[in-house]
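2 protein chains.
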Amino acid sequence: MVNFVAYNPVKLYFGKKVIEKLPGEIIPYGKKALIITGKGSIKKLGYYDELTNLLDKSGIEYIEYAGIKPNPVVEDVEKAAELAQKENIDFIIAMGGGSVIDTAKVVSITAGSDLPAWKLMKKEVSPTAAIPLFSILTLAATGTEMNAAAVIQNHKTQEKIGLFHPLMYPKASFLDPSYTISVPKDPTVNGIIDLTAHSLEAFFGDGDAPLSDRLAVANILEAFDYSNDLLKDLTNYDLRARMMWNATIAENGTIMHGRAATGDWGTHALAHHISLLWDTPHGQTLSIVFPAWMKVMKEEIPHRIVKLGQLLTGQKEISADDTIAIFEMFFKALGAPLKMSEIGLNDKDKKELLHLWKQNKPTGLNIKMNENHYEKIIELI
Amino acid sequence: MVNFVAYNPVKLYFGKKVIEKLPGEIIPYGKKALIITGKGSIKKLGYYDELTNLLDKSGIEYIEYAGIKPNPVVEDVEKAAELAQKENIDFIIAMGGGSVIDTAKVVSITAGSDLPAWKLMKKEVSPTAAIPLFSILTLAATGTEMNAAAVIQNHKTQEKIGLFHPLMYPKASFLDPSYTISVPKDPTVNGIIDLTAHSLEAFFGDGDAPLSDRLAVANILEAFDYSNDLLKDLTNYDLRARMMWNATIAENGTIMHGRAATGDWGTHALAHHISLLWDTPHGQTLSIVFPAWMKVMKEEIPHRIVKLGQLLTGQKEISADDTIAIFEMFFKALGAPLKMSEIGLNDKDKKELLHLWKQNKPTGLNIKMNENHYEKIIELI
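Sequences listed follow chains A and B, in order. 8 is the number of the first residue of the first sequence in our numbering; add one for each residue after it. 8 is the number of the first residue of the second sequence in our numbering; add one for each residue after it.
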């Protein structure tokens, strides 16, 4: 194991009605909130009213920045940060899924440090301060509620990139699985793929971290265990709770310790380009890219793919191909796409994607990719 | 899953030479330290000099309270707390194993809150403040370096009890596996048993927390995986690192979320009485008690013991007896005792232990015990 630091200061409340704990957490930080939200479902479902009623009762003022898109864009970060500064708010409350919380994280450092958002994302400047951030999660998928990472896209520069900075840890997050019961089947499937992919990214990180390997595999097996039942019974609280915690554990550091980086992330880097070009839901881009990436990389890291299969199945003799097939079958059983054609994209689109990969050169932190890999992967998807 | 809060603010530095990060962490808190240590091995091995050299270079004053016993006693807490108050220290640095760090935790609230130590342990009074605490771990076993729990014994009242309070979280902990390379075989075995028992205590906690079940089992399988190699190669850094991280994960919350309590702890409560009466190393008391407890409890929680076996082996048809046998074989292979006679205790001692159990009524937070259980367990050990 390489040297590492295990540190995660987020206080995470999990379970029924945990939003009632919010006022107690925010009051020490002031009395005026910027609430950041998505495209309106939390209002239809009454969750927004539940929040504002609580704030009203606690004497907390609030303004709202609404309309964050599923693949969040830097323009929204800029506008929300401007609003936060103009209105002199004391803290940010993000209510929504990963895109809303990721946006709020970058708003918190953009407004808190008074620096340009995209320069922060590109690491051309470093944040110096952040507005305290609280998150209320309504969609289990990205794990952003308990980490210091955010992914934002920029259509002008044709980039979708991630940033990690300790100033972006939420002070507290509130996860009530009840809020995810109304999530339809497709975004639920996308969430399961995302959390599975996060567990895989952790597994394919650098160095030798045997316990983290086992914890990552435990997290994947948990997804295998409840997914079928959940998709047949979307309003089941207990199954929603299992998925929600599964997604947090996938991305809060637990399964990543003992590696210099927090995982590989090459597959995510490839997949982000599909969202960037066609606004494809993140989960679909991962079910398409991950098996293909493993098929190409099995030449370079056969022992890691076999190890993954061994830990998943307990079978010492499993092959890399059979290991990859487990994930193809899992994604297929969820109804997720494995090919670009399944989401309506054609050979011309594949050429465009390959071109953009060659231009932006996405790669893993551990397993490096070159043009040869891009070409092999594009043939498989 | 029941409602829970996931929160662990400890910053944990792991790896070679991480002690060099200590000055940067402590300086914001002041300039005078109380160093709490054990029975002298850290001095012989040069670790204490390494620490004091670092403090000297950083302009940090220090005094020492030495001599904490392997089963730490409340008298040492009281004396060290008195010294901390008299010398007006700014922070505590605990350098040693679980007993040293547990003592330092209770010193930090005893001196910080100016309250009697044993009343704090008995929860007759609540701590209101703590002196900032930093820990440098030299023995992997208890996981105390990344939690807010401590166990202290009192010979006058014939009690050995645990306390959990958020004020007892260390600010930062420093885990260099190199410091554990000189730990002899017996305490290494005791550490492996302790971390395995912690994983089992977590598993036997209340309610339904399937992911935590899997993470606990992953942690147990990790111990199964390296233990044999480590006992043959005690100075191997990588194997020591695996054990050290394994012990932290067993007791830092990771495998306990989704339950109302943090585990069962009935077995620990039984085992503590053996240490109390004969100063037996904690690990030996657990290898004696845990299999016997499972054999008696298999009548009441057969499904949980079978589930444990299923997750450990991947075999659906495994029996409770075969599951328990896995742990008996593991402890035996480590050279640990399964019977009181193996540590030199006789039938008269067993009567004395049974008498004390009946007097103090140790029980689990989840699985309740009565006199009938004590009688059955004492017959098996």
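Because the hints were derived from the structure by calculation, they are not lab data. Heads up, some of the hints might be wrong.
Cut-off 16 Å, straight-line C-alpha distance, at most; resulting in silico cross-link-like pairs (EDC-like, lysine to aspartate or glutamate) [what the hints assert, rightly or not]:
| no. | chain 1 | residue 1 | chain 2 | residue 2 |
| --- | --- | --- | --- | --- |
| 1 | A | K365 | A | D63 |
| 2 | A | K323 | B | D232 |
| 3 | A | K314 | B | D232 |
| 4 | A | K339 | A | E307 |
| 5 | B | K314 | A | D232 |
Predicted model only: the values in this text are computed from it and were never measured.
Outcome of the hint check:
no., hint, result
1, A:K365 - A:D63, "violated (52 Å)"
2, A:K323 - B:D232, "holds (14 Å)"
3, A:K314 - B:D232, "holds (14 Å)"
4, A:K339 - A:E307, "violated (26 Å)"
5, B:K314 - A:D232, "holds (14 Å)"
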